[in-house]
Structures are given as C-alpha cells and as structure tokens.
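**Q** Chain residues, written in single-letter form:
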Amino acid sequence: MSGMETLCYELLGSRRPAPFAPVLVGVVASGNLEVLVESTDSDRCILRIDTSARGFGTIWEAVVRDFHGRHRLAGVALTIHDMGATPAIVSLRLEQAAAQLEEGRA
Amino acid sequence: MIRMSYAECSARQRLSLLLDEGRFREWLPPQARVMSPHLAQLSMPCAFDDGIAIGCGYLAGRNVFVAAQEGEFMGGGVGEVHGAKLTGLLLRALRDRPSAVVLLAESGGVRLHEANAGLIAVSEVMRAVLDVRAAGIPVVTLVGGSKGCFGGMGIVARCTDRVIMSETGRLSMSGPEVIEASEGVEEFDAGDRALVWRTTGGKHRFLSGDCDELVEDDVQAFREAAAAAISRPDASRPPTLDALQREHSALAQRLAVAGTEADAISFWSRLGVQGAARVPDLGVAAVAALRPRVAAMLAG
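So the protein sequences, as listed, match chains A and B.
Residue numbers for the first sequence follow this note's numbering, so the first one is 30 and each next one is one higher.
Residue numbers for the second sequence follow this note's numbering, so the first one is 39 and each next one is one higher.
Simulated from the structure, these hints should not be mistaken for laboratory data.
We put the CB at the ideal spot given by N, CA and C, even for glycine.
There's no promise every hint is true.
[Unchecked claim] Computed Cβ-Cβ distance ranges for the label pairs, DEER-style:
(1) Arg-135(B) with Gly-113(A): 40 to 48 angstroms
(2) Arg-83(A) with Ala-300(B): 42 to 50 angstroms
(3) Leu-282(B) with Ser-120(A): 51 to 59 angstroms
[Unchecked claim] One-sided excerpt, in silico: chain A residues whose CB lies under 10 angstroms from chain B:
(4) Met-33
(5) Ala-50
(6) Gly-55
(7) Ser-81
(8) Thr-108
So that you can see chain A by itself, here it is in the shape it has in the complex (with noise of 0.2 angstroms):
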C-alpha cells in the first residue's frame, strides 16, 4: 500500500537550548524536506517525520543518531515534512536548523 510513513525518535539528550521562538527550515519539494523546531519542557530530542517514501526507516534512524551524536540536543521538538529528500540533504537541513538554534541563543 502506498501513502505517507510516520517514523519517531525520542533521545535523551545534555544540550538545552534557551528558550526559542520556532524556527524552520527548507521547504517541501520533491527531493527536499522541510524542519519545524520548536521548544519542550522535555530532557529529550523528539523527532516526527512524515515522509512520501516508505521503507526507509533504517536509514531515518541512521542519519537521526548522527545528528544527535553531534549535538545531544535536550528540550527540542523536531518535525519533518519529506518529500524523498536523500540522507546528505536530510543532515544539511537538521544542520540548518541546529545553526539557527545557535544564532538564536547569540
């Protein structure tokens, strides 16, 4: 059956950022995606993703590990809406969206 997957990961994170006004990044386009970040009272890094590609959770994982190993995020929601974005460009945009969490905070 096709239609849209919804995949979640909750990880247990150091980092809190202050307090932020939601941000987001990218725009949903075929082969892009686009990130909403907003603030949790949660010690955890959540991440929902709605994506048009089904079956490709493995590689969600992998590439969600890897954006947490880097910045342990804590208290931050992340939400995805993916048309069939490939992992690089999945990573330069939860890199988009942890680079404007640092601007925000400066």
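We have chain A; now place chain B onto it with these hints.
**A** Just chain B now, kept in the frame of chain A:
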C-alpha cells in the same frame, strides 16, 4: 551591496529582505499548523504554512500587509487553506486599513489536488482584491519567482493596482505546457524557452502594458520599486466604472495594434520598437526607454 537574485530566494527569504528589517509579524505561522486537509487524504506531504506566509510589516517605513507564495511547494498552487490565508489577509486589510497590500506572487494557479476548493478560493481572493482597491488601499503584485504567475493567480495579479516584474518573471493565464497539451506543439512549443519568455516574460508584459515596472532580478530592486509604487500619489487606483471603461477601450486599442501577428517580436514592431528582434537581449534600462513610445502607440 551584493546582488541577491529574487528568483532564487524562498518566499520567506524574500519577505525578510524586502521588508524593513525585523518588523515582519506573521499570521498563522508554521507552528500554528494550519495545513491542507486534502493532501494527507491523497498521501501527499503537507507544508506547515500550506505554501504561503502572510502577515504585516513595514516597507520603507510604511505599514503594509504582505503575502508571499512559495513556488517550490506544489508550484505555489492555491489550495483551500492557502487561498483562505490570502483572502483573510485582504479582508483584514479592509478592517485595519494598512498603507498598502503587497503580494509576492509565485504560483501555477489552482492546486489541482484541491481543484474545487482551490477554484473557489481564487475567486474569493479576486473579489477581496477588488474590495480592498475600492476602499482606496493600493494592492501591488511582485512577479519574479522562477515558477512565474499563472492561472488564477495571473488573473489576481492583473486585478491589483500595479504589477512589478523582473525579466525572469512570467505572467500569463494558461502556462506554456497547458497550451501545448491542449492546442498542440504547432500552436505553442513549451520547450522553446526563448518563445516562452518573449510571450509571457517581464519584458513583453512591460512593453504591452500588463506590467507597470520592469526591474532587475534583484531583491533590492524589487524592494525599491514596491516602496515607490505604494508611496506615489496615485498608488491607489480604485476600479470605478469610468476606470474600467477606459481600461476596456485601451485593451481594444491594443488588440487593434496587435492585428493578427502571432509572435511577440512582430507585435513589438507594430508598437514602433526599432529592431524588435533585439529586445530579448536588451537590459532593463534599455527596455524601459522604449516604453514611452510604445505607450503612445497603445494610447492610440
């Protein structure tokens, strides 16, 4: 100052560069998650803002309401929510009376996945644009995105007080592919980029009077032109019966000048442009210099 291509910017980048810095306040921002109710049913990804950002800000010190369509998301197609955000912005302008409304249009027209809801939405946008203009609030459209401004949004653009375009910008009703598919490649070859641009591009629209100002593909140039358009004494041109009758006779005159010529180059020649075949190679200033003579021809 570094030139920033308007065509290559996202809708949100355009807003942040076009408006006075740090003064944009968005309504129904992404985190509000007011999204398309239709796309999920079709197993298509939604966008947090349904492909359009609306809000208020300042342009060269004047308070304006603005909307920016994101051409990358479904070609800027107008769906139910997308259209409702545009209509809502215009209705709020009627209530709050900002100095002007500025539309950063980039759209293929109605989003076909939401056909009926999208069509109704576009008609509501048109009506609201005319109401805002009738209330004496100028509405200005900027067309410079790589997806152009087609279909219902092409009509919306021409319902506004003024249209500002770059050479890259395209403005029309049916898009090139639509014409080719329905009328055949002999009628219109959508793969002929030079043909597409000289038929729908900024230069042609400017010379034929459908666009009021031609600017470089540069966000700063769009900003300056938009600021000038909303601050001139005749910024508001309410659609009165007199004004509409004048416009109709101007269109009849244009049709008479155009004759049966099918190609833009022949049309430019008939408008009195010397060496019309060179127009596609001319810069913005050179094309702008042709306008007075052409306008005189169109005025009859």
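**Q** Measuring from beta carbon to beta carbon, are Arg-83(A) and Ala-300(B) in 42 to 50 angstroms?
**A** Check passed, 48 angstroms falls within 42 to 50 angstroms.
**Q** With 51 to 59 angstroms as the target window, see if Leu-282(B) and Ser-120(A) comply at their CB atoms.
**A** The hint (51 to 59 angstroms, Cβ to Cβ) holds, given that Leu-282(B) and Ser-120(A) are roughly 55 angstroms apart.
**Q** Return the status of the interface hint for Thr-108(A): holds when the least beta-carbon distance to chain B is below 10 angstroms, violated otherwise.
**A** holds, 8 angstroms
**Q** Identify whether the interface hint at Ser-81(A) stands, where standing means a beta carbon of chain B within less than 10 angstroms of its own.
**A** holds, 5 angstroms
**Q** Should the hint that Arg-135(B) and Gly-113(A) are 40 to 48 angstroms apart at their CB atoms be regarded as holding?
**A** Check passed, 45 angstroms falls within 40 to 48 angstroms.
**Q** Return the status of the interface hint for Ala-50(A): holds when the least beta-carbon distance to chain B is below 10 angstroms, violated otherwise.
**A** holds, 9 angstroms
**Q** Grab the minimum C-beta distance from Gly-55(A) to chain B and call the hint holds if it beats 10 angstroms, violated otherwise.
**A** With a closest approach of 9 angstroms, the Gly-55(A) hint holds.
**Q** Are Met-33(A) and chain B close enough, Cβ to Cβ, to be under 10 angstroms, as the hint says?
**A** holds, 5 angstroms
Comparing the model with each numbered hint stated earlier shows that all of them hold.
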